[in-house]
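Q: For reference, the chains in residue letters:
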Amino acid sequence: MKLYTKTAHELHDLLVRKEVSATDLVKAQAERMQALEPKIQAFVTPTVDKALEQAALVDAKIVAGEAIGPLEGVPMAIKDNMCTDGVRTTCSSKILENFVPPYDATVVTKLKEAGAIMMGKTNLDEFAMGSSTENSGFFTTRNPWDTERVPGGSSGGSAASVAAGQAVFSLGSDTGGSIRQPAAFCGVVGLKPTYGAVSRFGLIAFASSLDQIGPFTRDVRDCALVMNAIAGHDAKDSTSAPVDFPDYTSLLGKSIKGWRVGLPKEYFGDGIDPEVRAVIEKAVKTIESLGAEVAECSLPHTEYALPVYYLLAPAEASSNLARYDGVRYGYRSESADDLISMFKKTRAEGFGDEVKRRIMLGTYALSSGYYDAYYLKALKVRTLIKNDFDQAFEKFDCILSPTTPSVAFKFGDRTDNPLQMYLSDVFTLSVNLAGIPGLSINAGFANGMPVGLQIIGKAFDEARLLQIAHAYEEATGCHSRMPELGV
Amino acid sequence: MGNEMIETMDRDETMEREFDFEIVMGIEVHAELHTKSKIFCGCTTEFGGEQNTHVCPVCLGLPGVLPVLNRQVVNYAMKAGLALNCEIAEFSKFDRKNYFYPDLPKAYQISQYDLPIAKDGHIEIEAGGKKKRIGITRVHMEEDAGKLVHGGAANLAGAEYSLADYNRTGVPLIEIVSEPDIRSIEEAIAYLGQLKAILEYTEVSDCKMEQGSLRCDANVSLRPWGQKEFGVRAELKNMNSFKALQRALEYEIERQAEILREGGAVVQETRMWDEAKGMTISLRSKEEAHDYRYFPDPDLVPLVISREWVDKVRQTLPELPQARRVRLVQSYGLPEYDAGIIVGSKAMADYFDAACAAYAIAVPAGTEADSKGQERAKQISNYLMGELTRFLNASEKGFQDSPISPDNLVGLLRLLEEGTISTKIAKTVFEEMFATGKAAKTVVEEKGLVQISDEGAIAAVIRDILAANPAVVADYKAGKEKAMGFLVGQAMKATKGKANPGLVNKLLKEELAKM
Chain A
1 MKLYTKTAHE
11 LHDLLVRKEV
21 SATDLVKAQA
31 ERMQALEPKI
41 QAFVTPTVDK
51 ALEQAALVDA
61 KIVAGEAIGP
71 LEGVPMAIKD
81 NMCTDGVRTT
91 CSSKILENFV
101 PPYDATVVTK
111 LKEAGAIMMG
121 KTNLDEFAMG
131 SSTENSGFFT
141 TRNPWDTERV
151 PGGSSGGSAA
161 SVAAGQAVFS
171 LGSDTGGSIR
181 QPAAFCGVVG
191 LKPTYGAVSR
201 FGLIAFASSL
211 DQIGPFTRDV
221 RDCALVMNAI
231 AGHDAKDSTS
241 APVDFPDYTS
251 LLGKSIKGWR
261 VGLPKEYFGD
271 GIDPEVRAVI
281 EKAVKTIESL
291 GAEVAECSLP
301 HTEYALPVYY
311 LLAPAEASSN
321 LARYDGVRYG
331 YRSESADDLI
341 SMFKKTRAEG
351 FGDEVKRRIM
361 LGTYALSSGY
371 YDAYYLKALK
381 VRTLIKNDFD
391 QAFEKFDCIL
401 SPTTPSVAFK
411 FGDRTDNPLQ
421 MYLSDVFTLS
431 VNLAGIPGLS
441 INAGFANGMP
451 VGLQIIGKAF
461 DEARLLQIAH
471 AYEEATGCHS
481 RMPELGV
Chain B
1001 MGNEMIETMD
1011 RDETMEREFD
1021 FEIVMGIEVH
1031 AELHTKSKIF
1041 CGCTTEFGGE
1051 QNTHVCPVCL
1061 GLPGVLPVLN
1071 RQVVNYAMKA
1081 GLALNCEIAE
1091 FSKFDRKNYF
1101 YPDLPKAYQI
1111 SQYDLPIAKD
1121 GHIEIEAGGK
1131 KKRIGITRVH
1141 MEEDAGKLVH
1151 GGAANLAGAE
1161 YSLADYNRTG
1171 VPLIEIVSEP
1181 DIRSIEEAIA
1191 YLGQLKAILE
1201 YTEVSDCKME
1211 QGSLRCDANV
1221 SLRPWGQKEF
1231 GVRAELKNMN
1241 SFKALQRALE
1251 YEIERQAEIL
1261 REGGAVVQET
1271 RMWDEAKGMT
1281 ISLRSKEEAH
1291 DYRYFPDPDL
1301 VPLVISREWV
1311 DKVRQTLPEL
1321 PQARRVRLVQ
1331 SYGLPEYDAG
1341 IIVGSKAMAD
1351 YFDAACAAYA
1361 IAVPAGTEAD
1371 SKGQERAKQI
1381 SNYLMGELTR
1391 FLNASEKGFQ
1401 DSPISPDNLV
1411 GLLRLLEEGT
1421 ISTKIAKTVF
1431 EEMFATGKAA
1441 KTVVEEKGLV
1451 QISDEGAIAA
1461 VIRDILAANP
1471 AVVADYKAGK
1481 EKAMGFLVGQ
1491 AMKATKGKAN
1501 PGLVNKLLKE
1511 ELAKM
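Chains A and B are the protein sequences, given in the same order. Going by our numbering, the first residue of the first sequence is number 1, and it counts up by one from there. Going by our numbering, the first residue of the second sequence is number 1001, and it counts up by one from there.
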């Protein structure tokens, strides 16, 4: 039995039927992890020993005849920008290389409570800035479908670990597409929930008003199960929404007949690879065949999303990353001889190029004299972008688009040109600016590489997004294909 | 103003005009709010404590943590705003003020920038015998930073090493910014005093200046009389007492005046008051001014305050110093001067009201005590401003921890009123009461200090004295009034001051008349 191909809900059934133990699962997963790490390099810090201890506890429960939750005993991976008590949390940055938080992120606490077992912390673009995981301060993660290609980013490690079968599910964070784009590149399900649906406490901030934690899973049902575990109001996060959260599995399997689905004309213009376009068009036809009415819609301010994002996100990042100054924790330059040079050298030596690039952009955008022209203007345009979606959702239940304009690109292809790299997130950014949920599922394949279909919904409408995604998954089955990795 | 001695410059308006320039000042006061926990986490705000023991990941700004606003901070800030006659904003927000310094864990301070919780208020001050209204521009909430401890030197300069203590980090502050309405040092002192009194009355801050829970910065500029435009200003920082404020302003005004007299130009800059050197020192010029890159803190949602919430806080407002002063004058006929001194300290004013209640002369606001009551109230006031203040100052105590309780003070005053003790004896009794905390009656009984009002006993003493001093009696008969004083003194001496002086006078005259 190839345990690594199973979903969380399938494993849960096996555990309940005592066909496998949690220890079996963790061992099998650890073997898979170790066998593939030289090829994939998804993990910054494996935590297999701790995982085995936890698995033993779950097994004891099963033996004692106690009921176990749907994620109990299920091996998972956590992006290394979420704090884990006693386990180093690096953001894949030299500046935090040895940082061991004395607390868990709320999502980690919740998953621990749900009994999920952490196999390790996954690689990312440094401080979640990037679209390929080539900006990691440590090493590059590879795409399991083609190790010559990037896994996407910034949650490349989390996406690759699930795609390669190194973890059953994982958590990523999405500031401008950092869950959905790597999900698309790696052919897994990736959800960026509504802003405020999942607590950000313990997520090391990149751009606070855009960051949101979400799951990578093998199928839509698992995504719903993980959401059930991590969504909810958190008193430790003021921006967390005090609303009622649904059972995200409740609509799975229900018909989408009569759904009104919008295709924004701005997302289907030039710039999409023809192969990607073909897969998405076919996917739209499938959705139509399931009873949905598809029509063109318009999000007129789409062209401003990229510039707005690249003003707001770096502005917030410049402030959020200012605390890494060498005074209290993390890296400190040893060659400094006064306070100011200590600040400067610590940051010059500890941060990578992309992080520095964004800090400089953000500092400039916030500086007095430019604030009104850049930051404040960007805030205003952000409102227009949000209004576009509000208007579209008056007519449509959801919006479909490609998740990315192309399939995963090859290493080094875009690293010399940051602007070209930024364009790989062009379809996902607006969703963060609007604070609404976006889901990427595997729509099919182009030249052997997975293509992502993005489903966008109105705020707190995740359950319905999962409903339509589930319908698509049932109809096509393309989610069940896994990359051949030769182990 | 507690027990702090305030020396004010004795300048009336004509004297001010003799000064070459008109002084223009605005004052910024930072007050630590009297909450139990910090503004964005649950850590204690208790003063002192071993370094870095009152801290948690949130106030230390460790990676990933988020601030959660303490509701009590909003209540207190609102209460202060209302007491300062401000409008309370229905919508306000928190902003980040970015700068690098080792005492600032996040490298930004969470503060309020363009939308403070309260604005457009005023307070009444009295300076140079005149009442004046000083505008309050704004009141906003913010978090305090930590503290650096320099090893091997008092300041950073010359220090061998520096340590950071983050116990203060995240302690809630309000910053109260005045309009540039202040025109003299006396007004500046009066403003700070009135502000301190208001913050104490509302109990939003303990205002302990020596612990840094009330700090003061001032913007100072000079301009020729009659000129409308403000002169170039200097911002003075780090004044932690009334005395420091006064000395710093005296120094700074003279410094600027000298520059202007010599035809020079004042440079816009931030200056620090150096208490030890007795001078202001340049910290940074306009060119070096920080660009704080303020922007709305995305970790905190905007603060929306309902009118119901405002009303609820308004109902908790106590009688403020100004109103209390009016009441003391109207209800008890106290002189304005007395009332001003008493309400200047909440503890003193509370003591006064408690004593009035104990003396059964407390009357509801808007009504007046009878003449007897007014007399008694003045008597209380005399003791508060005189003996009690003197004794408290000498033992470095405040009215709130006076060894003589208001009840006991009234006990003493009753003995005086009844004639049980003389004014002279009262002083002795007071001293003993202050030392032991005992009731007046107990002291009088224990020491046998009851006034002798027995006419027979006094008459006997007098007869002895007259018999022993025939020459003085002769002087008196010859019309020398002074002789009378000597005889009274002898009688008091003989009774160890316990004889009722009125009776002594009366009986002496009677006996002398018989002779």
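Calculated directly from the structure, the hints in this document are not laboratory data. Take these hints with a grain of salt, some might be off.
[As the list claims (entries may be wrong)] Derived, one-sided and incomplete: chain A residues facing chain B with beta-carbon distance under 7 Å:
id, residue
1, T140
2, F201
3, S208
4, S209
5, L252
6, E316
7, S367
8, S368
Computed from a prediction, not measured in an experiment: that's the story for all the values here. Backbone N, C-alpha and C fix where the C-beta goes; we use that ideal spot for every residue, glycine too.
Q: Under 7 Å is the threshold here; is the Cβ of A/T140 close enough to any Cβ of chain B for the hint to stand?
A: Interface hint status for A/T140: violated (23 Å vs cutoff 7 Å).
Q: At a threshold of 7 Å, is the proposed contact between A/L252 and chain B supported by beta-carbon distances?
A: With Cβ-Cβ at 32 Å, over 7 Å, it is violated.
Q: Taking the closest Cβ pair, is A/S368 under 7 Å from chain B?
A: 5 Å, holds
Q: Against chain B, with CB atoms and a cut of 7 Å, does the hint on A/S367 hold up?
A: 5 Å, holds
Q: Taking 7 Å as the limit, does the beta-carbon of A/S208 come near enough to a beta-carbon in chain B?
A: Holds, because the Cβ-Cβ distance from A/S208 to chain B comes to roughly 4 Å (cut-off 7 Å).
Q: Taking the least C-beta to C-beta distance, is A/F201 closer than 7 Å to chain B?
A: 5 Å, holds
Q: Under 7 Å is the threshold here; is the Cβ of A/E316 close enough to any Cβ of chain B for the hint to stand?
A: Since the shortest Cβ distance to chain B is 6 Å, the answer is holds.
Q: Hey, does the A/S209 contact hint survive, CB to chain B under 7 Å?
A: With a closest approach of 4 Å, the A/S209 hint holds.
In this structure, the hints that do not hold are numbers 1, 5, in rising order.
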